[in-house]
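K.L.:
Okay, here's what each chain looks like letter by letter:
2 protein chains.
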Amino acid sequence: VISKNKLKYYSSLKRKKNREREHRFLIEGVRLCEEIFASDFEVETLLYCPALLISQRSKDVIAKFQQRGTPVLEIDVKSLQQLSDTVHSQGVVGVAKMHDFSWEQIIEHRPHILLAIDQITDPGNMGTIIRTANWFGAAAILLSENCVDVANPKVVRASMGALFYIPIFEIINFKERLHELKKMGYALFAADPVGELIYSTAPFTTKNVLILGNETTGVDAEIKMMANARLVIPRQGTGDSLNVAVAAGILLAEMKRNMPV
Amino acid sequence: VISKNKLKYYSSLKRKKNREREHRFLIEGVRLCEEIFASDFEVETLLYCPALLISQRSKDVIAKFQQRGTPVLEIDVKSLQQLSDTVHSQGVVGVAKMHDFSWEQIIEHRPHILLAIDQITDPGNMGTIIRTANWFGAAAILLSENCVDVANPKVVRASMGALFYIPIFEIINFKERLHELKKMGYALFAADPVGELIYSTAPFTTKNVLILGNETTGVDAEIKMMANARLVIPRQGTGDSLNVAVAAGILLAEMKRNMPV
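The listed protein sequences derive, respectively, from chains L and F.
Quick note on our numbering: the first sequence kicks off at 8 and runs consecutively.
Quick note on our numbering: the second sequence kicks off at 8 and runs consecutively.
The reader is advised that the hints may include incorrect statements.
Since copy identity is lost for identical chains, a pair holds within one copy or between any two.
Calculated pairs, DSSO-like style, for lysine-lysine (alpha carbon to alpha carbon, straight line, at most 30 angstroms) [claimed, not checked]:
{"id": "1", "residue 1": "K24", "residue 2": "K13"}
{"id": "2", "residue 1": "K85", "residue 2": "K15"}
{"id": "3", "residue 1": "K189", "residue 2": "K161"}
{"id": "4", "residue 1": "K231", "residue 2": "K13"}
{"id": "5", "residue 1": "K263", "residue 2": "K231"}
{"id": "6", "residue 1": "K85", "residue 2": "K263"}
{"id": "7", "residue 1": "K161", "residue 2": "K24"}
Because the hints were derived from the structure by calculation, they are not lab data.
In this text, all values refer to a predicted model and were calculated from it rather than measured experimentally.
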């Protein structure tokens with residue numbers, strides 16, 4: 008059984024400020040539990056509610072964590088609902104520790120593709136971008152200040168667990184870090200609905216940074232100027248813009264295809 | 008002022024069944040009001056709450072509707088909240104009539120790209136796909152049964168108003184319609200994570216149908232067999248799949264680029 012205090016502590020992780028202080032976050036549902044099990048992330052405790060566990064898959068993933076030695080606790084419906092962010096809970100919630108990746112170690116491998124995200128605020132967009140970056144093999148993601156918290160439950164869900172595989176760095180000096188990457192020989196490409204270069208003609212190199220910007224205001228003006236090129240995806244029909252996660256997919260697919268490697 | 012009965016009627020349009028019966032739906036916010044104003048859709052009534060109207064843009068769009076002769080009614084905060092689907096309302100809601108497009112008229116123009124959507128259930132995905140299809144100039148969208156309702160407020164919002172520009176047909180006999188298109192010389196391409204053909208090598212023609220499937224189960228097996236080819240977007244990193252709206256963007260961008268026109 009779980010103590011009232013412990014439950015209160017776990018439930019406090021629904022708020023960003025507490026997640027940051029405690030370096031812990033909640034994950035919910037069978038799918039994400041399976042994904043985190045296969046990753047390098049550590050699950051501190053797994054909580055489940057027998058009354059809500061309907062699938063064999065849920066039981067299997069709980070058993071796997073138990074075999075690994077992860078503390079597994081049974082809780083009642085009301086307690087689980089306090090931790091849950093979804094309407095139809097699958098009856099299993101994990102308390103995960105944030106994982107620290109080493110930037111130096113990533114850069115040492117001279118990755119071909121890095122992603123830099125400037126002030127993206129919609130959790131669905133952020134999660135989908137992480138999922139897409141992971142699919143196309145980006146080596147890491149840099150986040151500017153004022154991005155939605157990546158441990159936000161909606162981000163975790165939209166990422167489909169990709170979050171557990173691709174290193175993500177919250178950067179204090181986003182612009183400086185981009186400057187450093189440029190000095191290191193990285194070509195910076197900013198997604199820009201009014202950019203001067205059609206994306207399919209971009210001179211991708213063996214070291215690329217794709218920069219995506221805020222849903223309304225786009226990439227910061229100073230960063231756009233710093234970029235080697237501003238890429239546009241030409242409109243063929245009507246509309247003001249593409250969704251930023253869709254643009255990310257089109258640009259990453261193209262980068263991967265046209266890189267000289 | 009608005010009568011209680013009228014308010015109740017408008018608020019009933021938050022439910023799919025009532026929208027379908029009444030052939031009307033609600034749109035909310037300045038941006039969508041601007042978009043629908045510029046489209047062929049008819050707004051029956053515009054409702055606004057002065058206390059919530061903070062931007063000049065909102066006042067401008069209301070004035071535009073007034074000039075056109077659309078009935079514009081003032082309502083109080085509580086009434087507006089009954090109609091609203093968002094946490095932070097911008098103080099303006101429109102009651103729009105569904106618009107009937109003519110399938111025959113669209114086909115007459117021998118469009119290069121049609122989109123067919125098989126059982127997509129997430130409103131965010133549906134809206135983003137509509138926005139993306141409109142951007143790349145698809146001529147129309149066919150929906151199978153069991154898709155999320157396109158007049159769902161979340162779909163309308165995610166579409167960013169693209170919904171008002173691209174004709175969308177809810178099809179009773181989805182498979183039969185696809186058969187007909189094939190007989191008419193259309194090449195059917197199904198998005199398929201286990202497809203046999205890499206999307207960048209697809210033999211796009213001057214008459215293409217892109218078929219997208221359900222978020223979990225993909226395109227229906229029978230429809231996949233009917234398609235001329237099943238297109239895969241190769242994974243370069245890790246993950247189970249791409250988000251369906253992201254896949255739609257990558258495939259439509261490629262189709263538009265590689266079509267022999």
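K.L.:
Kindly indicate which numbered hints from before are broken by the structure, ordering the numbers from low to high.
P.N.:
3, 4 and 6
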